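Colleague: Chain order of the listed sequences is A and B.
With full-length UniProt numbering as the guide, the letters of the first sequence map in order to residues 1 to 322.
With full-length UniProt numbering as the guide, the letters of the second sequence map in order to residues 1 to 252.
A hint or two may mislead.
Output of the computed footprint for chain A on chain B, the stretches with three or more beta carbons under 8 Å from beta carbons of chain A [to be verified]:
id, stretch
1, 14-22
2, 62-73
3, 102-109
4, 115-122
To give an idea of the chain A side of the interface with chain B (calculated C-beta under 8 Å), a few residues [as the list claims (entries may be wrong)]:
id, residue
5, A210
6, G212
7, D214
8, L219
9, G220
10, G266
Calculated directly from the structure, the hints in this document are not laboratory data.
Predicted model only: the values in this text are computed from it and were never measured.
Just so it is clear, CB atoms sit at the ideal spot from N, CA and C, and this is done for glycine as well.
Now for the letters of each chain:
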Amino acid sequence: MSPDFERRRARLVLALLAVAAAIAVLAFMTLGARGSWSFVLSFRGAKLAVLVLVAYAIAVSTVLFQTITGNRVLTPSLMGFDQLYMLLQTALVFLWGARGLTLLDPRALFALNVGVMVAFSLLLYRLLFARAGNSLHLLMLAGIVLGLLFRSLTTLLQRLINPNDFAVVQDRMFANFNGADGQLTLTCAALVLVVTLGLWRLSSTFDVLALGRDPAISLGVNHHRTVTLILMLVVALVAACTALVGPITFFGLLVANLAYLVMPSGKHRHTLPAAVLIAILFLVGGQTVLERVFAFNTALALVIEFLGGLAFILIVLKGRVR
Amino acid sequence: MIEIRNVAKSYGKVRVVDDVTLTIARGGLTSLVGPNGAGKSTLLSIAARLIPADTGTVSVDGLDVARTPSDQLARRLAILRQDNHVTARLNVRDLVAFGRYPHSKGRPTAEDRTHVERALAYMDLDGLADRFLDELSGGQRQRAFIAMTLCQETDYLLLDEPLNNLDIRHGVELMKLLRRAATELGKTVVLVLHDVNFASSYSDRIIAMRSGRVVLAGTPDEVMTPDNLSDVFGCRFDVHTIAGKRIATYFS
Ligand SMILES: Nc1ncnc2c1ncn2[C@@H]1O[C@H](COP(=O)(O)OP(=O)(O)O)[C@@H](O)[C@H]1O
Ligand SMILES: [Mg+2]
Chain A
1 MSPDFERRRA RLVLALLAVA AAIAVLAFMT LGARGSWSFV LSFRGAKLAV LVLVAYAIAV
61 STVLFQTITG NRVLTPSLMG FDQLYMLLQT ALVFLWGARG LTLLDPRALF ALNVGVMVAF
121 SLLLYRLLFA RAGNSLHLLM LAGIVLGLLF RSLTTLLQRL INPNDFAVVQ DRMFANFNGA
181 DGQLTLTCAA LVLVVTLGLW RLSSTFDVLA LGRDPAISLG VNHHRTVTLI LMLVVALVAA
241 CTALVGPITF FGLLVANLAY LVMPSGKHRH TLPAAVLIAI LFLVGGQTVL ERVFAFNTAL
301 ALVIEFLGGL AFILIVLKGR VR
Chain B
1 MIEIRNVAKS YGKVRVVDDV TLTIARGGLT SLVGPNGAGK STLLSIAARL IPADTGTVSV
61 DGLDVARTPS DQLARRLAIL RQDNHVTARL NVRDLVAFGR YPHSKGRPTA EDRTHVERAL
121 AYMDLDGLAD RFLDELSGGQ RQRAFIAMTL CQETDYLLLD EPLNNLDIRH GVELMKLLRR
181 AATELGKTVV LVLHDVNFAS SYSDRIIAMR SGRVVLAGTP DEVMTPDNLS DVFGCRFDVH
241 TIAGKRIATY FS
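Chain A extracted, bound-state conformation (with noise of 0.2 Å):
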């Protein structure tokens, strides 16, 4: 493929998936829309932020987390950070009662649960990659074991805490598209916004990263600095992502695979953007179908997992697991 060719491939994917997206958004705002307008905008609006911050969130942090590791099988719900995020969440509920934490300003709550997670991730990161660097199945099977590791302790925790508090934290056990309110979907923005803004000044690292870290040293990128900012702004992606839905496990591996289907290259200026439209395909076209087709209104995380599950399945099978 010559650049030019591969240039105009890109782009055209880019456009066709934008335009698709563009449609799925559409329909989901209008479609069978009753009543009046203003109150169905500013409603479903509503939403569709929740889904778009969500499709960014996690789009950009599988990709970028896939390139740092060298991989294109882990994701950062797979090495159990968004549980994580739930046991330190309900760590918080145990440790001074979901009626202590609602005296909290819920940002500087949100803020100290991003703060805690990020530190742990780093921590937990370092421990592993350091240890099982170069054995992608001793990753796998470590991401898998922390990740019931998480989820048995915060389930441990919502015996041991009273059982009004656990009504507060077994909530956002499951992913749920519809539970976010709009203080938290403007916080998450504002932190998705902030990363956004890290990984700009970042950017220009993102291909030599993926070619692995000895050929990015010999390059010239500080690779264990770089290596590290990167993985705090993703984890905070997915910290925000977690908040506003709960964990969602194979989505992130579903949209970044198919990225790095579609598009002619891996240059992560063409991955990134086909990997957030293809999320928001997904998350905005899928809601759209199943609310106003079939009536069902809590159906999407369930779909989403069963397609990227079966993603998961396939490319373990496909033998592209290095």
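Dock chain B with the ligands against chain A, hints included.
Modeller: Positioned in the frame of chain A, the structure of chain B with the ligands alone reads:
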């Protein structure tokens, strides 16, 4: 000048590089030879700051490689590792263009593109430039990685077994190219070679390693004797002088 001072590296209890002190002068072609596991790759990787040494220092033009900012070194020194594979789907031209990253930081200029095309031509890759790496033979892929290293246009070039997988023609052409780079452009080239005759025919200096130590260093004429070679490699050698070059045979 590359100065390696008292460098040591162990993995577990095994000393892989054992107190190596070595100076490689500016300009010229130096070959590093020795049996498998002698520590050649490890030493080269330490010199190129890819592996930290346990003790000792390496400096390039007086810059300590462990302390100097990585991007500053990347404009001065390039390394080709022994094993190269990338997970990302890349074509040859994209890979070679990465060699310009230290200069252009991801925003290639017209001049960068000229360098890329020249490196492609040097490695006889013009016809393969648009192929993906996973669609190439081992030797073609090796040439692509060499082209990327050349494209970095550094004064110092460290190449770990660059002749791996190359056919005879491409092997000889690469050695001639590196010879010219050393003689005409004053580049400092350090190569790990497994073929002592290539080392003998093109090097200004040969350094032999065994069990993590430098056991010999000198001109090809000095190093290429039956006793020296059998001492380093642990098998019998005969050395002949053919067309003014010392050539070893090791089949008897
Ligand atoms: N990451 C590592 N972990 C443990 N041992 C290693 C590692 N890398 C190299 N070694 C060992 O160090 C020795 C020297 O390796 P190397 O420098 O690659 O040798 P050479 O390039 O001379 O063949 C070998 O015995 C090898 O097994
Ligand atoms: Mg070696």
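Colleague: Hint by hint, note whether the structure agrees.
Modeller: These are the hints, each one checked on the structure:
For the stretch 14-22 of chain B, the stated coverage by chain A is not satisfied: 0 residues place a CB nearer than 8 Å to a CB of that chain, which falls below the threshold of 3. Counting residues of the stretch 62-73 of chain B whose beta carbon lies closer than 8 Å to any beta carbon of chain A gives 5, which reaches the threshold of three, so the coverage claim holds. Beta-carbon proximity to chain A at under 8 Å applies to 4 residues in the stretch 102-109 of chain B; the threshold of 3 is reached and the given coverage holds. Restraint check on the stretch 115-122 of chain B versus chain A: 0 residues with Cβ-Cβ distances below 8 Å, three needed, restraint violated.
Of the supplied interface hints, the one on A210/A holds, with its beta-carbon coming within about 4 Å of a beta-carbon of chain B, less than 8 Å. Using the Cβ-Cβ criterion of 8 Å, the hint placing G212/A at the interface with chain B is satisfied: the shortest such distance is roughly 6 Å. Evaluation of the D214/A hint against chain B yields a held restraint, the C-beta minimum of about 5 Å falling below 8 Å. Proximity of L219/A to chain B holds as hinted, the smallest CB-CB distance being about 5 Å (cut-off 8 Å).
For the restraint placing G220/A at the interface with chain B, the shortest Cβ-Cβ distance is roughly 3 Å, inside the 8 Å limit, so the hint holds. Checking G266/A against chain B: minimum C-beta separation of about 4 Å stays under 8 Å; hint holds.
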